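Enquirer: Letter by letter, the chains look like this.
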Amino acid sequence: MTVSTLSHAQSNSELEERLAELEQRIVAAEKRAAAAERRAKQAEQEMAEVQANESEPVSQDIESRLAEVERHANGEEGFSFNVYARSGLLIGEDGKSSEGSPYVTPAGAQGGAVGRLGNEPDTYAEAILNYKMRFDNGAKAKYTTMIADSVTTSNDWTAGESNLNVRQVYAEFSDLPSFTGAFEDAKIWAGKRFDRDNFDIHWLDSDFVFLAGTGGGIYDMQLADNWKSNLSVYGRSFTDFPVDSMNPAAEETDSTDNLILTSNNYFGNWQWMVSGMNAADNDERSTSGPLDAADNGVHTMVAYHGEDFFGISEGNSKVAVMHGQGLGAATKTIGGNGNLTEDATATRIGLYGTTYMAPKWRVAPAILAETSEDRYAQGDQYDWATFNVRLANELTENFEMQYEGSYQWMDISPQGYGGNNAVEGDYTKLTIAPTFKPQVGGFWQRPEIRVFASWSDWDEELNDYSASDSFGKPGFTGDDWSFGVQTEVWF
Amino acid sequence: MTVSTLSHAQSNSELEERLAELEQRIVAAEKRAAAAERRAKQAEQEMAEVQANESEPVSQDIESRLAEVERHANGEEGFSFNVYARSGLLIGEDGKSSEGSPYVTPAGAQGGAVGRLGNEPDTYAEAILNYKMRFDNGAKAKYTTMIADSVTTSNDWTAGESNLNVRQVYAEFSDLPSFTGAFEDAKIWAGKRFDRDNFDIHWLDSDFVFLAGTGGGIYDMQLADNWKSNLSVYGRSFTDFPVDSMNPAAEETDSTDNLILTSNNYFGNWQWMVSGMNAADNDERSTSGPLDAADNGVHTMVAYHGEDFFGISEGNSKVAVMHGQGLGAATKTIGGNGNLTEDATATRIGLYGTTYMAPKWRVAPAILAETSEDRYAQGDQYDWATFNVRLANELTENFEMQYEGSYQWMDISPQGYGGNNAVEGDYTKLTIAPTFKPQVGGFWQRPEIRVFASWSDWDEELNDYSASDSFGKPGFTGDDWSFGVQTEVWF
Amino acid sequence: MTVSTLSHAQSNSELEERLAELEQRIVAAEKRAAAAERRAKQAEQEMAEVQANESEPVSQDIESRLAEVERHANGEEGFSFNVYARSGLLIGEDGKSSEGSPYVTPAGAQGGAVGRLGNEPDTYAEAILNYKMRFDNGAKAKYTTMIADSVTTSNDWTAGESNLNVRQVYAEFSDLPSFTGAFEDAKIWAGKRFDRDNFDIHWLDSDFVFLAGTGGGIYDMQLADNWKSNLSVYGRSFTDFPVDSMNPAAEETDSTDNLILTSNNYFGNWQWMVSGMNAADNDERSTSGPLDAADNGVHTMVAYHGEDFFGISEGNSKVAVMHGQGLGAATKTIGGNGNLTEDATATRIGLYGTTYMAPKWRVAPAILAETSEDRYAQGDQYDWATFNVRLANELTENFEMQYEGSYQWMDISPQGYGGNNAVEGDYTKLTIAPTFKPQVGGFWQRPEIRVFASWSDWDEELNDYSASDSFGKPGFTGDDWSFGVQTEVWF
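Chains as they are written, first to last, in this note's numbering: chain A, 9 to 499; chain B, 9 to 499; chain C, 9 to 499.
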């Protein structure tokens, strides 16, 4: 027992020691726990503050203020600036400025454009100043003004040749809270403008339709599930035209307005546009023949906006047929030509598409063709057709070779109108243009800087159409080379 | 004892086990405490970093950088864009552009405006480009240039009719640290400008005074506790006017400058403006009668800027009396008319006010009237008075009906000046204009898009005043309707 | 043993109690540890979130978004606006607009400018609208258009006198990733522009060379370690000049283009510029004498761009010698003068420097001188030299006194060209201009608002040079005072 007692005593004192040590350790552990709890509590408070700060002033206030200045920087609010511009040299073989323009041929005066690459002699610049407003009630308004100039001189100071003018001044409202139902997404506008829904064949510098003038209208009425519609009235001025006078010795002039009521309708990819117009007293305009000038007209267009390259490959395509009568026989610039006769008719087709033929090869074919009769004189006929193809081979990130081939056939019988002669023939232009871009990647990427060589040729007969047009100029008779450098910019 | 010894042994071994378990648990607890302390320490360090980051770069640096870009977005610093513009159609009963203008009557040439609603045939656009600078020393500078155009054609390309010109080019400095005392809040300016303190009767498109030209001056001198004062010199050009020649067969012209020294003084709501002017050699201008053209003049205006509607209700109101002699007899466009005779006198009163008559009904009456004698010829007299009221009934958030009635009486005896005949009569115009706005809420809310019908009538006698003014046009003889659509924008 | 047993029993129950207490405390400690761990874990998770938020959306996302809007606000990206403008009054002793201009003397037509301070009668304003783009591949593009106007009328509506025109329209690309080696920092451009590297003597309103027109080129090719080079082609138009006709009765005109190939080369502070030019058929221009008009020319300039005031003190200085022959004899406006003969030669020197003479006294001397022979007619000679010094004494933060002395000697023998007479003489102008600035501190600080008094005098003989220039005007014959106020702005 002694042993056991001894061991008891031993074990008891050992237990005592271990217990005392444990008690000390537990006191220390409790102190540490208390300290840790204080630190945790403090950390939690600070964390709460940080989180409060974070979610409130930093995240929310800064976020919304930043979003607003971003809307200003992005042009969604306040002032924004848009541009279309081209400027460069077009020099002929003789080292002088060359005649040129997509509208250079006898068909050009009737809208018969040819390819523009290496064919533009002008500095043309549009500066578009916008201001976008957001109102407390959610409504938005946009004001747009455009100033534009076109000169062919290469000099810097062009006050003598300046054509600077204001082409657009309009306001457009959207998101109007009191517009509901079919009008929920409708936008209304008034002023002077290019119609929002104009679209073009870029390579011919020709719109399918170019509706512009001063008026007002409404866009994007939802008339049915698959039917969106626009309705506008546009005025255009016919100014100081000669009228047939009782007294043939007196030169008399009149002015009038061509008022155009136009409706655009969208059904999926299809567009149907119809326009009627009236210009009071325009029939009193003096004409060369028995036909009166038209004082009214109709115009219509059916168009298909393709989301691929004619169903063949990726890309896009557009096809449209336009027809007009009387004042509507200006198939592109709707209502813009007061010289058309009451019997004038015109039918035009236009189409283009863009796609990649191969990874670095883009192609864009286009066709524009018109037949028109009794346009300015009884029995006259203006028939023309343009075939154009633009090719681009993207060689580096910043460089591509562009090629354009353009062919136009025309058969024009003006019946003496304007002192012009009947001609029939064709025009061909081939252009090669090494082109620099900040970033290649499609036909719509701008700006571009290009140098180019362009060869054009045409039937000699076309030089006889008019003594005052480009083909009537001495020394510009076909088989012509031109060279140049040009920039084209839009944003 | 055995039992107790046994229990001792049992209890000892049990204690031993419990002790061993406790020791293990305390070791584990200590490890957990150590781990927790490490985690707490790390969390505290990270917290400190987060807090440092938070209070420094995020809150302060971001805040000040954001404040600067906000000043740019808000137009307080850097570029900003302001606009006044109107554009639309004004079509008469015959379907053609109608004559029209607030200055359409015979009194119009002397500043006798009538109501503008449904009476504006033009696209008029001002684009104002500003740039505001802040300097390290706290000084601020503003540069302003305005280009403006006015055409009546509805066409988009208006190079042939363009009136695009630069109306303002000036710089203005403020917050100059070395300007102290009475000059502490003073602003100095030079260049070509519209005076800052011009104010208008909007509905008549007429300023009370329109002081503009090229010069320099100082604004907002605090001459006494209740006296703020401006002092400016403005030049205006009288160009190529005919002078009486020794040799009556020779047509001779001269040009001169009308130098206007002008002081504007504000005492509470009262304004007193006084201007003296001198145009060297303008008295050599050839006149039709015995009176010489004036080569100097004085002009003064007393105005009251009311903060309510003539003390009757909430709103605002302005009342002013202007008087001028000699060159000062152009009571609105101070110093702008070089044809005035040395004896010319003119006294004009103008007033308007705006208020809500009922929750959704706004009203703005205005009066402008003048009597003037010996203006361009001895014994001539030009008396006219316009009463105008604009009403608006706010029907939805985005739509209101606007109404305007305008009446002008005039009695003009030109004594043959300008080949014009003496006439006396009155003019009345009534207009109704359904008007769309992004947000209704007062007479100064823009943009607006309005359609309108306007009927005007006048005494037949007024058509005899001049063959070359609007009322002299055949077919514009009174009882005329016009229709149109128009936008008006300012910001 | 009893004691011991008793003590055993006692000690055992005591141990039991202490153990039980310890067990309770360890349970509590474990619970607290578990709770602390949960709190720590939650705190760590929240911390992680905070840090994630902080480094991601707050610091990084906000930072990058803010940096982008700052680039917009600073004009590094998107739209930006630059201006040069001056506007004010220049009134003679007679109280009318005074003749004046740095180019007022007979030498002025050949580029012989005198000091501009108190010598400018016009409102001249340039508005430069830029748009800068950054592409995903790192490339940058800049579009610039400038509209400018110059009128001398003081009126606000200047449609009748307007010279508003578009002086620049160009695009410039940089940072093109596929440009490497010598082209790594190269920039390419095309359009209508002022050459980037033009530099001027500000106080004479004269560039050393002013190269401008329509074309394209490349800047900043690094051809060797110390050799940077530019290469450009510029076209300028010579329009509707008279040509010698077979039939002297018929007035015939022709137009051509002066095509200028120009290279600028920089070696440290030295610049060597060389330009060759050709204008086809310009030699058919009719001239008054036996010499043909030039159809080509060369021009060269050697310039030193000093980083101190001629090695004497801090400041800057520029010295250049220009020489040209044929069409190159327009030593400033390279290629801009089609009337120069095939034998024309001209040599011009220009220099200026700026420094502080004393803490608040700035000085800027300048010299411009040219000798030219066979310029427009055989044996003609145009020699002139201008010495100019501008002084400024900075008196407060916002005010300085400016002084300008200008002296020009000229000896012109036009040999009948332009109907002008040979004259020899000198011109002196002294001007004092108290000047306000938002912040003084150097010759390049703008905007400024100045009032000034200017006295000019010249040899009477100079009035005989031409009846149609300023010195030919009656009443502007020397010993003339003029006064005015003007602002000058650039940014």
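In short, the hints are calculated from the structure, not lab data.
Certain hints may be false.
In this list, chains with the same sequence are indistinguishable; a pair is considered to hold if it fits within one copy or across any two.
Here are the computed lysine to any residue pairs in the SDA-like style, where the Cα-Cα straight-line distance is at most 20 angstroms [stated by the list, open to error]:
1) K148 / E405
2) K104 / A288
3) K140 / F202
4) K326 / D434
What you are looking at is a predicted structure, and each value in this text was computed from that prediction instead of being measured.
Enquirer: Does each hint fit the structure? Answer for all of them.
Expert: Results for each hint:
no.	hint	verdict
1	K148 / E405	between (39 angstroms within a copy, 13 angstroms between copies)
2	K104 / A288	between (46 angstroms within a copy, 7 angstroms between copies)
3	K140 / F202	within (18 angstroms within a copy, 26 angstroms between copies)
4	K326 / D434	neither (25 angstroms within a copy, 59 angstroms between copies)
Consistency note: the structure conflicts with earlier hint 4 alone.
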